[in-house]
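Can you make the complete structure from the sequences, with help from the hints?
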Amino acid sequence: MAELQFREAIRAAIDEEMSQDENIFVMGEEVAEYDGAYKVTEGLLDKYGSKRMIDTPISELGFAGIGVGAAMNGLRPVVEFMTFNFAVLAADQIINHASKAKYMTGGQVDIPIVFRGPNASAGQLSATHSVSYDSMYAHFPGLKVIYTSEPADAKGLLKSAIRDDNPVLFMESEQMYGLKGEVPDEDDFTIPIGKAKVKWEGSDVTVIAHGKMYHVATQAAKQLAKDGVEVEIIDPRTVKPLDMETIVKSIKKTNRCVIVDEAHPFGGFASEVGYLIQREAFDYMDAPVQRVTLPDTNAPFAKNLFDKWLPSAQQVIDAVNTVTYRK
Amino acid sequence: MAKKNKEAEEVTFTPSGTGIRNNGRIERSTELPSPTRKKHKSLGLSEDDLVDMFELMYLQRRFEERAMQMYQKGKFGGFLHLYMGQEAISTGTVYALNDDDDIITAYRDHGWGLVRGVSPKEGMAELYGKKTGCSKGKGGSMHFAKTENHFWGGYGIVGGHVPLGGGIAFANKYKQNDRVTACFLGDGAVDQGSLHETLNMSQNWGLPCIYAIENNGYAMGTAVHRHSVGELHERAKGYGMKSAVINGMDVFTVYEKMKEIAKDVRENSNPWLVEIRTYRYRGHSMSDPMKYRTKEELQEYEKLDPVERIKKYLLDEEIIGEDKVEEIENSVEDTVMEAIDFAEESDFPDEEALYEDMFVEDDYPFHT
Ligand SMILES: Cc1ncc(C[n+]2csc(CCOP(=O)(O)OP(=O)(O)O)c2C)c(N)n1
Ligand SMILES: [Mg+2]
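Line by line, the protein sequences are chains A and B. Sequential numbering from 1 applies to the first sequence in this note's numbering. Sequential numbering from 1 applies to the second sequence in this note's numbering.
In short, the hints are calculated from the structure, not lab data. Think of the CB as a built atom: it goes at the ideal place given N, C-alpha and C, for glycine as much as any other residue. Certain hints may be false.
No farther apart than 16 Å at their CA atoms in a straight line, the calculated lysine to aspartate or glutamate pairs in the EDC-like style are these [unchecked claim]:
1. A/303 <-> B/344
2. A/303 <-> B/350
3. A/51 <-> B/344
Footprint (simulated), chain B over chain A, 3 or more residues, beta carbon under 8 Å [said to hold, decoys possible]:
4. 30-40
5. 121-128
6. 291-299
Residues of chain A clear of chain B, computed beta-carbon distances all greater than 12 Å [to be verified]:
7. 3
8. 106
9. 194
10. 253
11. 271
12. 287
Structure below.
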């Protein structure tokens with residue numbers, strides 16, 4: 001095992017895949033000569049040259065679409081968005097084209113493309129730079145959506161995403177890029193898309209949390225452990241397709257569930273998973289599912305408001321207390 | 001069809017290297033057109049105007065120098081995009097426009113706020129995220145606004161505010177109120193489709209709007225020629241739109257040209273695409289190693305400093321003396337320091353503010 005930063009794990013995945021397949025190229029704002037806005041692609045220009053490491057203008061709609069077209073025509077683009085907040089401008093290409101062209105042409109084209117970049121908030125960056133988009137893309141048929149929380153998952157899943165012949169959205173977090181974690185050194189380490197992982201075992205309550213929220217959940221779990229509450233944390237890692245089997249199995253054991261999600265409450269990951277739990281495991285529940293999400297407001301700039309806005313470990317603890325009837 | 005053997009050729013896409021390409025020569029990232037030769041009198045500016053302009057430019061500079069220090073001390077967070085080097089544009093423009101003409105810009109907006117009625121106190125408090133800020137601490141550095149003074153704000157999505165500028169102009173034409181809109185954008189925003197869609201409609205519909213590109217040589221770490229083909233102002237040709245390219249390091253030039261252009265827009269209700277060439281002295285934001293440009297290039301532009309330039313004019317023309325300059329600088333410094341005290345002493349927004357300003361109703365049933 002090697003200890004890698006999140007950004008290094010992502011870079012390693014891209015690097016390993018690029019070295020094996022000439023058709024893979026990286027495209028996005030500041031990815032090449034600047035070495036990446038968050039240094040994820042550092043050094044790759046030197047290694048692969050300007051044919052395969054392409055700096056784009058600030059033209060998200062255009063370069064995302066050029067990626068889709070190139071994928072239709074046999075290449076395997078890895079398109080970086082400086083953040084998924086800016087991918088909103090490219091939504092037409094992702095939602096109307098990448099996700100639908102195969103279906104509309106009766107299967108005549110494949111779109112092996114990865115759209116990747118940081119998702120959601122990264123401190124006080126105000127309303128337009130703080131939104132979590134995994135649930136939104138998961139709404140649309142034809143897209144796979146991954147939002148990982150740890151370097152090993154990031155590496156293994158990004159490699160799978162790049163090899164996948166479908167459009168995949170791969171989400172990261174600016175605030176996690178420096179986070180370190182053990183990453184297996186084994187040759188060609190991959191993790192299959194669509195598999196959740198039980199990251200903490202416990203018997204009292206199941207907490208489902210992905211991306212940056214996984215770390216909020218672990219903070220809460222550590223605190224709760226001191227009070228004798230054993231939390232089981234499931235990191236779905238892939239939002240879509242969603243591994244309900246692992247979730248249901250855990251709930252059959254704990255009979256209680258809290259979902260932590262960095263999206264707004266209406267129609268998000270938490271609402272979907274909450275629905276599926278009542279459909280699949282209603283008879284096993286000892287309490288209604290609780291969720292911790294962002295409030296139904298935009299991101300404020302002021303520090304005190306922002307801190308209140310972002311889901312906190314305390315909110316997770318409160319939700320656990322609710323489902324365990326402890327308070 | 002015959003196929004050429006391309007094996008041996010190296011394939012590349014984005015051009016590389018720093019600086020703009022000028023007939024094969026690599027010089028600066030932006031080539032400056034000549035400044036105006038007119039003196040203030042023939043431009044219709046009084047001596048008092050000049051002194052005020054200098055004070056306003058120096059205020060923008062000092063406000064940001066101090067803001068930068070406070071940021072580095074960790075007094076507030078978020079992004080901080082500094083306008084330093086570009087102050088002639090904001091200042092020349094507000095003097096050229098009427099006070100009820102409309103201005104909208106992107107996130108590099110501190111200077112624009114200060115010239116359009118955001119007080120140094122309100123501005124600094126906004127950076128600190130305090131309730132006394134111009135946007136109640138909700139927006140921060142990127143979202144200064146003062147709509148009562150027709151400053152519609154700074155916006156953080158590159159190119160996102162450009163159609164808004166067109167819409168403000170649309171409403172002015174609709175209401176026949178003779179107001180002109182000036183919509184400022186960066187060179188990087190030229191590459192967004194939103195600009196081109198808006199330019200087309202603006203020309204076709206005769207919208208009274210000046211789309212003004214502040215070409216400061218770079219979009220983040222990418223020199224203009226690396227992100228955009230051709231000359232930016234020439235984009236106007238495809239739309240049959242009037243255009244100009246202006247030296248943005250000289251406040252007189254900005255004033256002169258923007259005044260002529262605003263007059264034309266007001267009289268004929270037609271849009272303009274204007275490229276104002278300038279230079280950004282600091283990094284893109286606060287975490288920019290600036291490897292994409294040379295020290296020499298930066299130094300060349302520092303020699304053209306717009307604030308120093310007007311100061312020198314005031315002294316050379318003996319409009320004011322060194323002692324008066326010093327007095328102005330000291331009083332600006334005091335103003336800025338008072339603004340910092342004000343920001344530090346102000347309260348953060350109340351917790352309820354999280355749910356305020358979302359809808360016009362104050363009893364909207366938020367989803368939980
Ligand atoms: C749609 C979108 N894409 C990317 C960004 C990130 N970003 C912020 S500023 C910037 C560079 C813009 O350069 P320019 O328009 O020249 O303005 P300047 O910073 O030079 O004032 C980039 C890429 C963004 N805010 N919005
Ligand atoms: Mg620029």
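Here's how the hints hold up against the structure:
no.: 1; hint: A/303 <-> B/344; in the structure: 13 Å, holds
no.: 2; hint: A/303 <-> B/350; in the structure: 11 Å, holds
no.: 3; hint: A/51 <-> B/344; in the structure: 50 Å, violated
no.: 4; hint: 30-40; in the structure: holds (count 5)
no.: 5; hint: 121-128; in the structure: holds (count 6)
no.: 6; hint: 291-299; in the structure: holds (count 4)
no.: 7; hint: 3; in the structure: 24 Å, holds
no.: 8; hint: 106; in the structure: 28 Å, holds
no.: 9; hint: 194; in the structure: 29 Å, holds
no.: 10; hint: 253; in the structure: 28 Å, holds
no.: 11; hint: 271; in the structure: 10 Å, violated
no.: 12; hint: 287; in the structure: 17 Å, holds
The structure shown violates the earlier hints numbered 3 and 11.
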